[in-house]
Amino acid sequence: MKLKKILPQAITLLVVILIFGFFTMNAQLNMENRGIDFGYGFLSQESSFDVQFSLIEYSGSDSYARAYLVGLLNTLLVSILGIILCTILGVIVGIARLSPNYLIRTTAAWYVEFFRNIPLLLQIFFWYYAALRALPLPQDAEAIFGVSYLTIKGFYTPSLIWENLDIFIYSVIAAIIAIIFVRIQAKKLRENVGKHLPVLNISIAILFVLPLLTFLFGGVNVGYETPELKQLAKTSFKFEGGLSIPPELLSLVIALSLYTATFVAECVRAGIQGVGKGQREAASSIGLNRKQVLNLIIMPQALRIIIPPTTNQYLNLTKNSSLAAAIAYPDLVLVFAGTALMQTGKAIEIVSITMLTYLTLSLSISFFMNWYNAKIAIVEK
Amino acid sequence: MSTLNLLRPSKDNLQSNLYLGSFLVGISILDVFLNSFLKLNITSFLPSIISIVLPFLLGMFGFHLMRIEFSGIKNLDRLNKNINTNNFNAALTLLIIFLIIKAIPPVISWMILDANISGDSKDACTGSGACWTYIKVWFKRFMYGMYPNEHIWRVNLAFIFLVVLAFVGFVTPQKYRNLLTLYYVVIYPIIAFILIYYLISGGEFGLEWVETGAWGGLSLTFIVSFFSLIFCFPLGMALALGRRTELPIVKYVSVGFIEFWRGVPLITVLFMSSVMFPMFLPEDFFMDKLVRVIIAISLFEAAYVAEVIRGGLQALPRGQYDAAKSLGMGYWKMHIFVILPQALKLVIPGMANTFLALVKDTPLIFVVGLAELAGMLQMAKTNPKWLGYAMEGYVFAAIIFWIICYAMSKYSYNLELKYKTDR
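As you go down the protein sequences, you meet chains Z and E in turn. This note's numbering numbers the first residue of the first sequence as 17 and each following residue consecutively. This note's numbering numbers the first residue of the second sequence as 46 and each following residue consecutively.
Isolated chain Z, as found in the complex:
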């Protein structure tokens, strides 16, 4: 009996140890033979390569560690933009799939069937090499709303120039803290005295009024800079100033959000369909009005079904953003596992750092979601 329990475990352990031992031994031998030493010291060396697009100051004289940071931030930027857009689109399409209108329902269903059955890489290629290449040159571009330009070299739009931005950010943080405080107090009031406060209206008021005050008294000011067409050579034009979004980022975000939105839409549909009809009827029969039924009965239950699979889709989107390497958007994989690896030749170190980064991102999000799930789960007797 005891042997039955120990033997499989011993074998597993032995196999794992053997595989790891075999790999480490070979790796040591190989590195010795090729004269490569193992270590992460290269991270502080000068990187001496340039990155097309970065959110922080970066030049070739910075270290590899900073190049890593540039790549990580670019990955996060794509992921966050993609998550926001795919949620908006996914919720709309998911609800549209349940519409009583036959045309809307069918259109939404076709959208889902179409976009999720084509490989994401192909979609990214399509947007980058075919669709966005059909856009006009900078000098021929027509203005959108008079200030923004969509050209073959990217999207140009006015950027905001802040004065005393830090005060503004502090005020937003203060507003959020105040809202949390108000919510706690309102809950106490409701449970102890039974009085309902219009929490949502108060929160919105705080969120607008506090930052607005900083404009009047805090010396915060905002201006804007519009993109201007500059002539570089006889036939070469370029937009300068303002905010410029490179076509790589555009096509990546479009493709990722269109693709992931199909999966989010299916999650939303399943969630809403998963709430029993009896729940709605029971809620109406105890005298709740339509808004209360939706807010207090349907949504909390639907969200419980929607959130876990949707989080999985967000994780997938973040991991899929690594396809950026295929169209030369400088994300973590391209900058670090591509260029830096090519220059240093430190395959084991660089690939392990890249994988660990994604692993940390995924695991931390899934830990958070497990915690959240446990919190909102229905407590059964």
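Do not rely on the hints blindly, as some may be mistaken.
What the hints assert, rightly or not - Not close to chain E: a few residues of chain Z, all C-beta gaps over 12 Å, as computed:
1) 77
2) 293
3) 294
4) 365
Unchecked claim - One-sided excerpt, in silico: chain Z residues whose CB lies under 8 Å from chain E:
5) 25
6) 30
7) 49
8) 111
9) 114
10) 117
11) 141
12) 142
13) 149
14) 367
15) 378
Everything labelled a hint here was simulated from the structure, so no lab data went into it. Positions of the beta carbon are idealized from the N, C-alpha and C atoms, including for glycine.
Fit chain E to the supplied structure of chain Z, relying on the hints for placement.
Chain E alone, transformed into the frame defined by chain Z:
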């Protein structure tokens, strides 16, 4: 009372409202139709902005007039229920109809009317539409990669054999049915490997050796997804069982394995297989790039398969385990005869999704230098003789992948219905 009350359509003035309403909707659709197909603008005498909005307004008003509840006319009631429940729905209906009408002519003229397919060089493409000549000329490359033209029959033959052998399950007599699992899990993969090794790769029996670097196109997509699929399924099943056992070491090794592969993107796994994995092997040990890629994808997908199967195992009621144990079954007997058949039936949709994801992930192998369909497109696109036809290539590849994936998802849906047993 038969006065025409336009603001409040009801059953009393059914006829007049219905006729006027359908006339207005018809006019609005006709206007957009003429505008889009024949480039005619019958409202050109109006100011431009009104001319654009007019069909929409007419349609809205027409739908408003037609919205009569319980009219007694079957088709009208059906129409109202399905596309015209309220103003918002009517507006969306009109927008979708207009969008479809507007989109059809340019798409058709690009794909068919103005397209070229004759000839065999770029000069044949003179129209403003698609240049299908490009696809025609490159077709063999898109399907077989750089595989030598005179040996393509070997790839075809291998695939025909594989497909025929896959259908064995449908014609086996009842007597040998219980051997089918063994056939599909063990014998079929071995035959497939032998076929591909000797027929496609060659090198023996007088067949010329073709290195895997020359393989490519859609056939490579099939080869990679086929082998990954075969390897990842048993591995995933073992991991799922490992994660559910009470033996701590087995359990945590499985958990660690699953969570690791699920946490990293496939592209980094492929990077690992191409640049890091050779460092872990003995120096004189050579492993083909394609083999490394298939191993990497199999390990990656096995983690996903494991999670799907675990879902099925967890969904089974405890009573099934208890009943099997009370009959005196051991661990393996219980799982093979009682638990897994039920659990696998439950996870058909999930498995289908995972396999679909696998097929859709295969284009990624281009990062390690293997050119399947998407990779060949990239190669063809940069060929100096054929610049500027990226769109045609992507449309072609998208259609092919779409057909494959859509067929797979429909097939899995049928499978799900076939094996559905109500408990």
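Now the hints, each set against the structure:
Distance check on residue 77 (chain Z): its Cβ is at least 26 Å (rounded) from any Cβ of chain E, clearing the 12 Å threshold; non-interface status holds. For residue 293 (chain Z), the non-interface assignment is confirmed: its Cβ lies about 19 Å from the closest Cβ of chain E, beyond the 12 Å cut-off. Against the 12 Å criterion, residue 294 (chain Z) stays outside the reach of chain E, whose nearest CB is about 21 Å from its own CB. At the 12 Å boundary, the C-beta of residue 365 (chain Z) falls inside the reach of chain E, the nearest C-beta of that chain being 10 Å off.
The interface hint given for residue 25 (chain Z) is met, as the beta carbon of that residue sits about 4 Å from the closest beta carbon of chain E, less than 8 Å. The interface hint given for residue 30 (chain Z) is broken, as the beta carbon of that residue sits about 10 Å from the closest beta carbon of chain E, more than 8 Å. For residue 49 (chain Z), the interface hint holds, the least distance from its beta-carbon to any beta-carbon of chain E being 6 Å, beneath 8 Å. Taken as an interface hint, residue 111 (chain Z) does not check out: its beta carbon lies about 12 Å from the nearest beta carbon of chain E, beyond 8 Å.
A least Cβ separation of about 13 Å between residue 114 (chain Z) and chain E goes past the 8 Å threshold, and the interface hint is therefore violated. For residue 117 (chain Z), the interface hint holds, since its Cβ comes within 8 Å of a Cβ in chain E; the closest pair sits about 5 Å apart. Checking residue 141 (chain Z) against chain E: minimum C-beta separation of about 6 Å stays under 8 Å; hint holds. Interface hint status for residue 142 (chain Z): upheld, as the beta-carbon distance to the closest one in chain E is roughly 4 Å, under 8 Å.
At a threshold of 8 Å, the smallest CB-CB gap from residue 149 (chain Z) to chain E is about 7 Å, leaving the interface hint in force. At its closest, the beta carbon of residue 367 (chain Z) sits 5 Å from a beta carbon of chain E; the interface hint therefore holds under the 8 Å criterion. The closest approach between the C-beta of residue 378 (chain Z) and any C-beta of chain E is roughly 4 Å, which is under the 8 Å cut-off, so the hint is satisfied.
In this structure, the hints that do not hold are numbers 4, 6, 8, 9, in rising order.
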